[in-house]
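Enquirer: Kindly produce the complete structure, drawing on both the sequences and the hints.
Numbering-wise (this note's numbering), the sequence shown opens with residue 751 and increments by one.
Rather than coming from a laboratory, the hints here were simulated on the basis of the structure.
Please note that a few of the clues may not be correct.
[Stated by the list, open to error] Restricting the straight-line Cα-Cα distance to at most 27 angstroms, the calculated cross-link-like pairs of lysine-lysine (DSSO-like) are:
1. Lys-807 / Lys-983
2. Lys-864 / Lys-755
3. Lys-763 / Lys-992
4. Lys-853 / Lys-766
5. Lys-774 / Lys-852
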Amino acid sequence: MAPSKYLIRTLSKPTKVDESLWEKWYTEEHTPDAVNSGVGDRGAFFRAHNEFSLQTKTPLESGETKLHGAQLSHFNELPADKTFCAVYQTKFENYTESEEIKKTAKTSEMFGGKEFFPLAEWDVRVYELIQDYNPDNLPDTAPPFTLHVQNEPASDADYHDFYENEHLDLLHKVPGYRRSQRYKLVHNIMGAPEGTPRFLVIHEWDHLDALDGPELRAADSSPNVHRVFGTAKAVNVRGFRKVYDQGYEE
751 MAPSKYLIRT LSKPTKVDES LWEKWYTEEH TPDAVNSGVG DRGAFFRAHN
801 EFSLQTKTPL ESGETKLHGA QLSHFNELPA DKTFCAVYQT KFENYTESEE
851 IKKTAKTSEM FGGKEFFPLA EWDVRVYELI QDYNPDNLPD TAPPFTLHVQ
901 NEPASDADYH DFYENEHLDL LHKVPGYRRS QRYKLVHNIM GAPEGTPRFL
951 VIHEWDHLDA LDGPELRAAD SSPNVHRVFG TAKAVNVRGF RKVYDQGYEE
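Expert: Written as structure tokens, this is what we have:
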């Protein structure tokens, strides 16, 4: 099954409850509720995962890195901040205007009957799918790991050509790689910082053990990588590990 036309990407950082309770609420109540209500066709809940080697990943503190001499300017979405990430594939361009969202719970007994929105800091965005890259025709299962790569390119045409005609095919050779979806930002629902990159690629992985291997180094050594990422106005590369999913194939 192909991905839905839109994607809701929600980053959160609980500020008034502890992380273990937040994770329990997300996996036992909120994600199932979002899917069962029809807001999302399927959903998955992740925690930030930074234990992998990759030259282009966004550093914990510094805002710049280098890739073979090319300077990368990182967008200020730090791996240590808002470490929970939920993604929902959806048919809605703006789910906040749907009838389905009215069916979802706004409070939880886990929080003493309180509303959940004031209990955390949020960054909620909606993206539109622009490319589904699934060269092995994999079934619609939730990935164990994902890499989220945001980019505000110097040239949209160059950026699209780079992914469509080179980069994804090279990533396909890396052990552990599954598939990728490319998106364009259509709505900042709440909390996205000023200057948020318009483009997001979600790379799916079975494991992240080969990101310092020869296949990935070959993919990142291309002059096109240096140009597209080195001239970008902002990039951001974060890893996530799956905790829970709902609505995917087994």
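Enquirer: Straight-line Cα separation of Lys-774 and Lys-852 no greater than 27 angstroms?
Expert: Within the cut-off at roughly 22 angstroms; holds.
Enquirer: Is it true that the CA of Lys-763 sits at most 27 angstroms from the CA of Lys-992?
Expert: 17 angstroms, holds
Enquirer: Just to be careful, I want the Cα atoms of Lys-864 and Lys-755 compared with a cutoff of 27 angstroms; is the pair within it?
Expert: Status violated; Cα separation ~33 angstroms.
Enquirer: Given the proposed pairing of Lys-807 with Lys-983, does the C-alpha separation stay at or below 27 angstroms?
Expert: Roughly 16 angstroms separates the two Cα atoms, so the pair holds.
Enquirer: Decide if the proposed pair is consistent with the structure: Lys-853 and Lys-766, CA atoms, cutoff 27 angstroms inclusive.
Expert: 25 angstroms, holds
Comparing the model with each numbered hint stated earlier shows that hint 2 is the single one that does not hold.
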